[in-house]
Amino acid sequence: MFDVDILRESIPVIASAALVTIQLTVAAAAVSLTVGTLSAVLQVAGGRAGYWLSRAYVSLMRGTPLFVQLLVVFFALPLLGLRSQAFFAAVLAIGLNSGAYVTEILRAAILAVPRGQVEAAVTIGIGRLAVWRRIVLPQAAITSLPMLAAELTIVLKSTPLASVISVTEMTYAGVLIQARAFSAIEVFVPIAAGYILLAQVIARIARMLERRFEPLRG
Amino acid sequence: MSVDWAALVPYLPDLARGFAVTVALTFGGAACALFMAIGLVLATSAGGPAIRRSVRIYTEIILGLPILVLLYLIYFVLPQLGLRIGEVAAGILTLTLYYAPYMAEAIRGAIASVPAGQVDAARMIGLNPVQIFIRILLPQTLGLLIPPLTGILIGLAKDTAILSVISVHELAYATKRVVSRTYTPFEVWALVAGLYWLALSALEVLMRRLEGRVTRFRASGASA
Amino acid sequence: MTRLATTLASAALAASLLSGAALADALDDIKARGTMVVAIDPTFPPFEFTDASGKVVGYDPELIEAVADGLGVKVEYQVMAFSGIIPGLIAGAFDMTPTLNVTAERASKIDYVIPTASSVNAVMTTKDSGVTSADIEALSGKTCAVKQTTQPEQMMMSFNETLAADGKPEVELLGFETIEQTIAALAQGRAVCVVDDKSVLYEAMASRKDLPLVVVGELGGTTPIGWGVNKANPALTAALSDELKKLKASGKFDEIQMKYFGYTAALPESDFVPTE
Chain A
1 MFDVDILRES
11 IPVIASAALV
21 TIQLTVAAAA
31 VSLTVGTLSA
41 VLQVAGGRAG
51 YWLSRAYVSL
61 MRGTPLFVQL
71 LVVFFALPLL
81 GLRSQAFFAA
91 VLAIGLNSGA
101 YVTEILRAAI
111 LAVPRGQVEA
121 AVTIGIGRLA
131 VWRRIVLPQA
141 AITSLPMLAA
151 ELTIVLKSTP
161 LASVISVTEM
171 TYAGVLIQAR
181 AFSAIEVFVP
191 IAAGYILLAQ
201 VIARIARMLE
211 RRFEPLRG
Chain B
1 MSVDWAALVP
11 YLPDLARGFA
21 VTVALTFGGA
31 ACALFMAIGL
41 VLATSAGGPA
51 IRRSVRIYTE
61 IILGLPILVL
71 LYLIYFVLPQ
81 LGLRIGEVAA
91 GILTLTLYYA
101 PYMAEAIRGA
111 IASVPAGQVD
121 AARMIGLNPV
131 QIFIRILLPQ
141 TLGLLIPPLT
151 GILIGLAKDT
161 AILSVISVHE
171 LAYATKRVVS
181 RTYTPFEVWA
191 LVAGLYWLAL
201 SALEVLMRRL
211 EGRVTRFRAS
221 GASA
Chain C
1 MTRLATTLAS
11 AALAASLLSG
21 AALADALDDI
31 KARGTMVVAI
41 DPTFPPFEFT
51 DASGKVVGYD
61 PELIEAVADG
71 LGVKVEYQVM
81 AFSGIIPGLI
91 AGAFDMTPTL
101 NVTAERASKI
111 DYVIPTASSV
121 NAVMTTKDSG
131 VTSADIEALS
141 GKTCAVKQTT
151 QPEQMMMSFN
161 ETLAADGKPE
171 VELLGFETIE
181 QTIAALAQGR
191 AVCVVDDKSV
201 LYEAMASRKD
211 LPLVVVGELG
221 GTTPIGWGVN
231 KANPALTAAL
241 SDELKKLKAS
251 GKFDEIQMKY
261 FGYTAALPES
271 DFVPTE
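Residue numbers (this note's numbering), protein chains in the order written: chain A, 1 to 218; chain B, 1 to 224; chain C, 1 to 276.
Keep in mind that the hints were calculated from the coordinates and are not lab data. Some hints could be false.
Derived list of chain C stretches under chain B, where covered just means 3 residues or more per stretch with a C-beta under 8 Å from a C-beta of chain B [stated by the list, open to error]:
id	stretch
1	78-87
2	105-114
3	187-193
4	238-246
Keep in mind it's a predicted model, so treat the numbers as computed, not measured. Just so you know, even glycine gets a beta-carbon here, dropped at the ideal spot from N, CA and C.
The shape of chain A in the complex, shown without the other chains (with noise of 0.2 Å):
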């Protein structure tokens, strides 16, 4: 029923493409902190037109299957004159994804600062972006770090989506030694540990993180 000898022969080949899937969960969430922060600040004091473009951002993001942003980007990035990059698609179409949701996780933590440390910074003289930076983003980030950390594990778990555009990351690496080793149980039973395995890693790293940061919670 479980065939050692092929997992013996697949853990190698499921180890280096779990540095695949970590790679490209790490380098997404980066893009969707990035895009996600941006998008939130636009919503919330970005005037109208700012507002509206995040909104339609967020609205395309959300109502669209991910499986289809990935090949649209995929398919997109040679017509725009770039060279297929498989790995740069999956990034930038997971991250452009995971960011719309937080957006929605950021806009919710941004509105929850008081007004009144704002109007305060100002009095005293801080300028606009530094009252952003200083005191609305991290006051913000902090107090939205659980649902951040369950928006990475989200990432995480979108990774194998990258299969279909040519990105052998560890679950197609999976569908790989399937096809040659001829038997499922030997090769998803550990994939499906590696995955369980990160999830608590992350887990793991915020809740220290939040530990970290108790005592500049409200």
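Following the hints, put chains B and C in place on chain A, whose structure we already have.
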């Protein structure tokens, strides 16, 4: 690349059929997941420590597992252990097992907003957990519950596309097939993306209206 | 939605005009960067598969690497499921892809290098399935597994149209991403037959001695198999054909055929695209 929309016309019925399957999977999957989520909530609030522990472990596993991997486990691994399930059933089971813990989390969050004293009082007058849930908690929490459930429902609807890899003939499956006949990936995927977006936007509006209705009742009750 | 779609489409069109003006044939690109990007679905032995270390190997990779040597470039594989490969080729995401059945339908959208193999589809089943003939009438009403978006799937769909026109039940088709998954469906009783290229099915039978697999016959005609290139790159198509001809002249082509198929076959070099 020339854009040739007319080439798509003969394939519209295929896409429409796929879309109908996607809609059916979404509501079928959501109903099963909601049912299971309520079960999970009841199990943690009324079950013994062993049950609570299993629910917690199951939840932790699902929160870390990509839905595609869960699908492969159910469709390709379970038969090796002697359990074979059909394509559509495996799809629905995957959606159910994957989304129930997320829904349970949302339900728990909403319930936490109801003062504990109410539940104690209900228990004292002899209501069982199911009665407490349906008669005390649900009416008060529905308004709070709908926004997170809408997000989860939309996620579930989009994830039905993943079932195409195990030959469930939903919209993404139909689209791949149509692309393989027309060789016009841009046109077909743009059309299908638009279709998903329209349907999901409509779903969101519908749920918001439902929320408005539920909370209006509550607000007028409070002001009376 | 019409407005969204039109906007998307016109943006894509504008972009394609821009890039069309800016880019020359992919052959120049390949030589300039020193690598040829090849999309491949390495789950299709003996044509292409992976070894234990995950490296892409097989009949077509060996030919491709020999051809790339001739061009003085390296090969970069983009590994993905077949369903994404032809769309990606049309979008210009890769330079070429191997192992495509040459069909008139496809030839109107992509260009073919001279054929590297010929293919006939066959029907594989298990000894106890009750399927004893590869006749389409014998398969009517049964469930068969195929690879998604491949020529065998398309062939079965057109057979289904004929069956439906005759008032007979269609063959129910389960579409998967790899041959292994179609065989798993057969082994687990989800389907009673698998339809795909005959040499691929024989290879699968040889490596799955644990299953009572049997090929009951051929279905449909013989078609050439070749490498596909985006229509925008005729110079690349010509260069690949020339390099293949050199391999044939040197005897290397026969040697590689022998290694993976156990026989050599003469293949056409012109007029190989079937007329519908």
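These are the hints, each one checked on the structure:
1. 78-87: holds (count 3)
2. 105-114: holds (count 5)
3. 187-193: holds (count 3)
4. 238-246: The restraint on the stretch 238-246 of chain C is violated, since only 0 of its residues have a Cβ under 8 Å from chain B and three are required.
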